[in-house]
Amino acid sequence: MAAPPSPVISANALDLTFQTGDGPVQALKDVALEIDKGDFVSFIGPSGCGKTTFLRCIAGLEQPTGGTLSVNGMTPDAARRARAYGYVFQAAGLYPWRTIAKNITLPLEIMGYTKSDQAARVERVLELVELSGFGGKYPWQLSGGMQQRASIARALAFDADILLMDEPFGALDEIVRDHLNEQLLALWARTEKTICFVTHSIPEAVYLSTKIVVMSPRPGRISDVIESPLPKDRPLDIRDSAEFIDIAHRVRDGLRAGHGDDV
Amino acid sequence: MRKLAPILMVIAALLALWYAAVPVMNIKETVTQLERGGAQVVPSSAQERRDAGHFGLVAKNSFAIPATYAQERPRLPAPHQVAAELWDSTIAKKITSKRSLVYHGWITLSATLMGFAIGAGLGILLAVGIVHSKVMDKSVMPWAIVSQTIPIIALAPMIVVVLYSIGLQGLFPKAVISAYLSFFPVVVGMVKGLRSPERAQLDLLKTYNASASQGFWKLRLPASMPYLFASLKIAIAAAMVGAIVGELPVQGGGLGNRMLTGSYYGQTIQIWSALFAAAILAASLVALISAIQRGTLKRMGLA
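Residue numbers (the working numbering), protein chains in the order written: chain A, 1 to 263; chain B, 264 to 566.
Just chain B, same shape as in the assembly (with noise of 0.2 Å):
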């Protein structure tokens, strides 16, 4: 209880900010829309609602507030509009159904999910050979690091492109740009986990006369441990990214085309619940990934 207090502080801030920003952001649209109703709002010009402030068509118009919360399109939608269709798209509807998010969100996690092994096993696999190997230390690390720099953005077209045109689409091009973003913090990571173990521990395994082999398996990838599972919270979040931009050029349902299809067609509501389902679910990922490392960790006796 006392480790949930702050949360629900920061929460309870976050949400009134929020709830005091919507008048701000939806006043325009709603006192217009009242005019057209019948309503008396000041001014009563367009022109001169047009060029009037935020802040000061609120102060002028406060009967309007309340209207600012129930929009059908808003500019920003008020929490509880947020949390009604969160609720109305999950719970309510058809898993099966197409405006369901429980279906989109699966579509998501599986690319997140495929995206994430193939990443992390990359990484770990680089990383190893990284560790090993002065050649792929000098090569390869570059390169990752170069490969990070190129907005995800203007790759991910690119790759579904090209992947379509070999024949591959659907859930795997989206693994493939998903394990583009998650395999670098798993590289790096576990680079440094596997370069962990003091000097003294390394030369008392020469002193046993111990084969690389057996270093790596008694000494590196233990010690590397703590290190890896720091990566892996980085990198499935990374992964989820990956799947989402990767959902937005293709027409195969997912979180990132329902946020898509929202701003298409100006759904606000939509884009911000998807928005906050994808939230949910990297969270729940990070969450599972920590309850396995405490897990880990524990039947190492490191934790």
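Isolated chain A (complex conformation) (with noise of 0.2 Å):
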């Protein structure tokens, strides 16, 4: 068991059921999964599939009914209090009234960082998102891709080496998005994090990943997983690649089995 690598986030037979007042949805049943360090992992799947609900399990947000999580060796809860991870939301979520160093700042004022050290790291993730020399500017100054990849920089500014990124990138159009799927990588690569991605978007799923989680609703659960066998080095015509339709077909048909048993 103890074999390594061993894995960064490991789940087994993982439950949630939320207590509602239509009575209990289960938004999650019976989820294993292992996560090694330095993956990729997307989780695709219809709205309700609990793909939403898992990540925010991860990260101690939600608590389990049932099963085990652990994250770094810990429990998701004693993981947030160590700050094991950064989180992307679907909204970029900058404070307005703080610049975009400012914002950046934020987490490591909280964890208590020096000044000078807090300078440092706010120049070197501006720069690893490419928005260098845009640290005096207010969020509403800079577009929705922009305000993103800030409250990215912002997750990546404490040395956690997980990332947890919810949809960040679902509310911008395609070709912002392209350009923001070709960075991440980039950013993947130099900084080696583990990075839990969850998307709507079968191209960006398959794009992305190392790891793809296939998940379908009612109970939320995991209906494929699939390792993907692109290379690391990934440019955006990859996506016009045999192996590549491949993947996503393997994908698309997970999502529609797992649509088929409730209809």
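The set of hints was computed from the structure by calculation and includes no laboratory data.
Keep in mind that a hint or two might mislead.
To be verified - In silico SDA-like links for lysine to any residue, alpha-carbon gap of 20 Å or less:
#, chain 1, residue 1, chain 2, residue 2
1, A, 137, B, 560
2, B, 469, A, 90
3, A, 102, B, 486
4, A, 115, A, 74
Please dock the two separately framed chains into a single complex, following the hints provided.
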């Protein structure tokens, strides 16, 4: 069991049932998954399949009602308190009263980094997301894509080696999204982080991931896990290759099978 | 200038309406006076005049219209009479004079500012408590609402009497009444403001393992600023009303006192000029808060 490399995130028989006014809703049922260090894992599936809920469980923002889940060998809550991950939400959620640099400083202030360390880190992550020179701007002065990049920089500013991303590019148009996907891959290659990425888009999932987790709804569960054979170095036109189309096809089949269950 | 034009239009319309109303309101007394002075008025018997309509009297005694604008104790003073009295009692009088509106205005202003400071401070503290404590949310808010349903005019004398009995008089009781009216909008606005951050923003702070006080200072408080200023503007106007009401039962001067003595002696011009002084003062205070709001929000990058 202790064979290296041990998984960074490990879920076993994970269940989560929400008690709602209309009775219990099973958001996650019997979810088992291992994510290794340096993996880029995409979660894809229709609304209500539990992909965001699973991400929030990893982040310690939801409490599973059954099964086990460990992050860096700890409980998710301990991992949250140890600041093991950076979380990127669908909305950039930048504070309008802070400049971009000050927004990125926010987690550093909270975690008690020194002033000089803060400045150095802000510089570094701004460069990483190609926003150097924009530190003094306010969020409203930036486009939606740039705001989302700033929010990624904010998640990268402290030394978490896991990046949890909940449909970060969902509200952006396709051209911006392509560009950000390319940037994200480059960033992942440079930082060697473990990334969990929730998305609605099949091409996005296939293009980015080393592992694609296909999920289906009612109850939310994993219907397929695809290890991508694509090379780590991926130009955008890899999306026209036969391999890419094959994987996309398998994802689509997985989604359709999951959907067929409740029709 | 283009912003000013509609405002001037409204003022002109109000003035026109006011001038048109003056003869109608004052005609009975004016005609009676003129008759005593030997003029021929229609109808000539006092009894018939008593039962006659105001509009009819104006129509039949059109020669009396100029006189309606120059009554010493008119039922409705004309705008220029009020303006003259305002000028006379602010610029022309020494400000230490008991008949100076600047003197009385200062008394009201100091009670207003003190009450506003107490009310706004208390309102902010209560809002912080309500947002952070379930018990306070459930217990304080209903009482805050109930407190505002009691007519202040009934409560004010009791506050004055109770505070007097424990040796407090002068400025402080008026400030308490004024704080009583001004804390409420601050509580309501500030609670809304402190709760304005979205779920995702609170979750984000949770992922940083931020403490509650960090969440307050870095997220909730800055996010509440636009709401706070909106309610401060209402609060300072309410504080002014409170101070004026607080001046009615005491003999310490102030615009409220000026209005009350005016009504004792039928000095309508005095009442109206005190009323306008209060309105101008309140408008200036609201404008002052607006200016602070603009400055603060601009510095925060919010405007």
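Each hint tested on the structure:
no.: 1; hint: A:137 / B:560; result: holds, 16 Å
no.: 2; hint: B:469 / A:90; result: holds, 16 Å
no.: 3; hint: A:102 / B:486; result: holds, 15 Å
no.: 4; hint: A:115 / A:74; result: violated, 30 Å
When held up to the earlier numbered hints, the structure conflicts with hint 4 and nothing else.
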